[in-house]
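Visitor: Next come the chains, spelled out residue by residue.
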Amino acid sequence: MTMTSTLDTLRALLVKDHALEPERLTPDATLADLGIDSLATIEMLWNIETAFGIDVPTEPAPLTTLGDVADYVDQLRAEQSGESASSDADSDADSGADSGADSGAGTPASPAASPDSTPAS
Amino acid sequence: MNRRVAVTGIGTVSSLGNDAEALITAARAGRSGVRRLDTAFAHRLNDPVAATADVDDEALGMPPAKLRMLDRVSRFALHSANQALASSSDALAGLDPARAGTFLGTGVAGTQSIDDSYRTLYEQGSDRIAPFTVLMGMHNAAASWIGGEHGLEGPQLTYSTACSSATVAIGEAWRRVAGGELELALAGGAEAPLSYGSLQAWAALRTLAGTQGDDPSAACRPFSKDRSGMVLGEGAAVLVLEPLERAVARGATVLGEVIGYAATNEAGHITRPTVDGQAAAMRAALGSADIDAGQIEAINAHGTGTRANDATETAAIRQVFGAHAESIPISATKSMHGHLLGAAGAIEAALALLAMRERIALPTRHLNQPDPVCDLDYVPNAVREGISARTTLSSSFAFGGSNAVLVLRAGR
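Respectively, the protein sequence lines represent chains A and B.
According to our numbering, the first sequence holds residues 150 to 270 in order.
According to our numbering, the second sequence holds residues 148 to 559 in order.
Bear in mind the hints are in silico, worked out from the structure with no lab data behind them.
Careful, some of the hints might be misleading.
Stated by the list, open to error - The calculated lysine to any residue pairs, modelled on SDA-like cross-linking and capped at a C-alpha distance of 20 Å, are:
#  : chain 1 : residue 1 : chain 2 : residue 2
1  : B       : LYS213    : A       : ALA161
2  : A       : LYS165    : B       : GLY326
3  : A       : LYS165    : B       : THR358
4  : A       : LYS165    : B       : ARG215
5  : B       : LYS213    : A       : ALA168
6  : B       : LYS213    : A       : ALA210
7  : B       : LYS213    : A       : LEU162
8  : A       : LYS165    : A       : SER187
9  : B       : LYS213    : A       : HIS167
10 : B       : LYS213    : A       : ARG160
11 : A       : LYS165    : B       : LYS372
12 : B       : LYS213    : A       : VAL164
13 : A       : LYS165    : B       : ARG419
14 : A       : LYS165    : B       : MET209
15 : B       : LYS372    : B       : LEU391
16 : B       : LYS213    : A       : THR155
17 : B       : LYS213    : A       : GLU170
18 : B       : LYS372    : B       : PRO527
19 : A       : LYS165    : B       : PRO210
20 : B       : LYS213    : A       : SER187
21 : B       : LYS213    : A       : ALA181
22 : A       : LYS165    : B       : GLU296
23 : A       : LYS165    : B       : PRO527
24 : A       : LYS165    : B       : GLU205
25 : B       : LYS213    : A       : LEU156
26 : B       : LYS213    : A       : ASP182
27 : A       : LYS165    : B       : PRO211
28 : B       : LYS213    : A       : LEU169
29 : B       : LYS213    : A       : ASN196
30 : B       : LYS372    : B       : ARG419
31 : B       : LYS213    : A       : GLY184
32 : B       : LYS213    : A       : ASP177
33 : B       : LYS213    : B       : GLU296
34 : A       : LYS165    : B       : ASP204
35 : B       : LYS213    : A       : LEU225
To be verified - Here are some chain B residues the structure puts well away from chain A; computed CB gaps all over 12 Å:
#  : residue
36 : LYS213
37 : GLN359
38 : ASP437
39 : ARG506
Backbone N, C-alpha and C define an ideal beta-carbon position, used for all residues, glycine too.
Work out the full structure: start from the sequences and follow the hints.
Guide: And the structure:
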């Protein structure tokens, strides 16, 4: 997939989830200007995992613009394309790539916790 | 406690309607919001009935990306808070936000979001659950959204004492307003307990009523000899509390007053209530209001429809009120809106205030078979007009023994 088609998929995600006008979704548009805050970024990365069938690492990535996100997705797709045949794409996705959640004692880095974890009882 | 505390706004969503006027209209008419549950998992439940709410979340006016962070329980809570403030003639105007607090009761909070996550993990075998599960499931989420959306910077507190949660929330808010710490509180409860896991958990405890014949809406039958259990309901109610003096000064409509509250512990069995325990809670509430038992003119009972509660509560009312008990109209409105668990005390306090405003005693529906151990005046089946009650007791007796009782006074 080319850079352009990655961006198109991202655009479709953001139009659907945030009702953003497609013409605003240029590669140099910043996430901040688009109203994508830290929590919305976490949700976006989770949807990216689903849309592209990739694992987004928990380690924070410097994502400022939409172009940064597209490049990051392409990089991950390239890195993971060789692994996909041997690993389950869903098995250990850390959906909450840490982009700086605003607060809270526990960073929402690993919603994909162990089966023993009980978020509330 | 030196300041009188007025209720100047009520907001609510439930199976009986999505504002205070719809609620009192339905309850006055004796309309039951209980129905057969028709959700995707209903076939896995034995004879499921519930009082379901139907709310248009667009009315919250939130962008979709924000709305997605709110579990159903938070949406109910926010709808109710928005309405309560909208009906209060701008209670927030001119207020120091640090002296405005949020007090909310909930029993199972964001259980539907948690249930969804478990389905993903255990049923679908996926390790990827929705990214906002923590934010949607946490118990304080609903209060957080209320306080955040309305800029209330005083205490934001969530009470989880099972079926008395909302009564505790209102009572604790009342104490802080009466004591001078706060100038305003949004207080109430919210519950959205109709997840598959939650319903099965209640069913496993053998507390739920079934359809009982061919009319699901008549499943909850408090104080009737043929009662067979409680019916879960969903919804919320929020009251605006402020000093009476402030309410009058700004020309707000005073819907009523909170004049007393007590919280006590059964210190005994985790589910079995005792006559002495319930009576102690009612007595303590009367003491808090500094009134005699003879001044209580109406009761909104806990009245769940379980065999144990209704007989116990009847005996407890007799113990506290003596011969006067026979002349008090007792309403068990759960027969219509179901048991809202951690929101029950809020919707029932709202109904108690609205009933006093309307000069009516609300009916206990589906009370068709008198029970010798439930031998008081429960206003069976039809509303009673021309009741000039000025002081009503609203009781909540919880699993776990956390009993709480409010004393409410009419606004007129």
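Visitor: Give a verdict on every hint.
Guide: Each hint tested on the structure:
1. LYS213(B) x ALA161(A): 18 Å, holds
2. LYS165(A) x GLY326(B): Not satisfied, since the Cα-Cα distance of roughly 49 Å exceeds 20 Å.
3. LYS165(A) x THR358(B): Not satisfied, since the Cα-Cα distance of roughly 42 Å exceeds 20 Å.
4. LYS165(A) x ARG215(B): 13 Å, holds
5. LYS213(B) x ALA168(A): At roughly 12 Å apart (the allowed maximum being 20 Å), ALA168(A) and LYS213(B) satisfy the hint.
6. LYS213(B) x ALA210(A): 24 Å, violated
7. LYS213(B) x LEU162(A): 16 Å, holds
8. LYS165(A) x SER187(A): Judged against 20 Å, a Cα distance of about 18 Å means the pair holds.
9. LYS213(B) x HIS167(A): Holds. LYS213(B) to HIS167(A) sits at ~9 Å (cutoff 20 Å).
10. LYS213(B) x ARG160(A): The hint holds at about 19 Å.
11. LYS165(A) x LYS372(B): 54 Å, violated
12. LYS213(B) x VAL164(A): Given that 20 Å is the threshold and the Cα spacing comes to 15 Å, the pair holds.
13. LYS165(A) x ARG419(B): 51 Å, violated
14. LYS165(A) x MET209(B): Distance ~15 Å between LYS165(A) and MET209(B) Cα, so the pair holds.
15. LYS372(B) x LEU391(B): 43 Å, violated
16. LYS213(B) x THR155(A): Given pair LYS213(B), THR155(A) is violated - Cα atoms ~25 Å apart, limit 20 Å.
17. LYS213(B) x GLU170(A): At roughly 17 Å apart (the allowed maximum being 20 Å), GLU170(A) and LYS213(B) satisfy the hint.
18. LYS372(B) x PRO527(B): 13 Å, holds
19. LYS165(A) x PRO210(B): Distance of about 12 Å is within 20 Å: holds.
20. LYS213(B) x SER187(A): Judged against 20 Å, a Cα distance of about 12 Å means the pair holds.
21. LYS213(B) x ALA181(A): Within the cut-off at roughly 15 Å; holds.
22. LYS165(A) x GLU296(B): Violated, at about 24 Å.
23. LYS165(A) x PRO527(B): The given pair, whose Cα atoms are some 52 Å apart, is violated under the 20 Å limit.
24. LYS165(A) x GLU205(B): Distance ~17 Å between LYS165(A) and GLU205(B) Cα, so the pair holds.
25. LYS213(B) x LEU156(A): This hinted pair is violated, its Cα atoms lying about 24 Å apart.
26. LYS213(B) x ASP182(A): Judged against 20 Å, a Cα distance of about 16 Å means the pair holds.
27. LYS165(A) x PRO211(B): 10 Å, holds
28. LYS213(B) x LEU169(A): 14 Å, holds
29. LYS213(B) x ASN196(A): 16 Å, holds
30. LYS372(B) x ARG419(B): 19 Å, holds
31. LYS213(B) x GLY184(A): Judged against 20 Å, a Cα distance of about 11 Å means the pair holds.
32. LYS213(B) x ASP177(A): It is violated: about 24 Å lies between the C-alpha atoms, which goes past 20 Å.
33. LYS213(B) x GLU296(B): 11 Å, holds
34. LYS165(A) x ASP204(B): 18 Å, holds
35. LYS213(B) x LEU225(A): 28 Å, violated
36. LYS213: Not fine: 9 Å to the nearest Cβ puts LYS213(B) too close to chain A.
37. GLN359: About 32 Å separates GLN359(B) from the closest Cβ of chain A, which puts it past 12 Å; holds.
38. ASP437: About 40 Å separates ASP437(B) from the closest Cβ of chain A, which puts it past 12 Å; holds.
39. ARG506: Its Cβ never comes within 12 Å of chain A, the nearest being 43 Å, so this holds.
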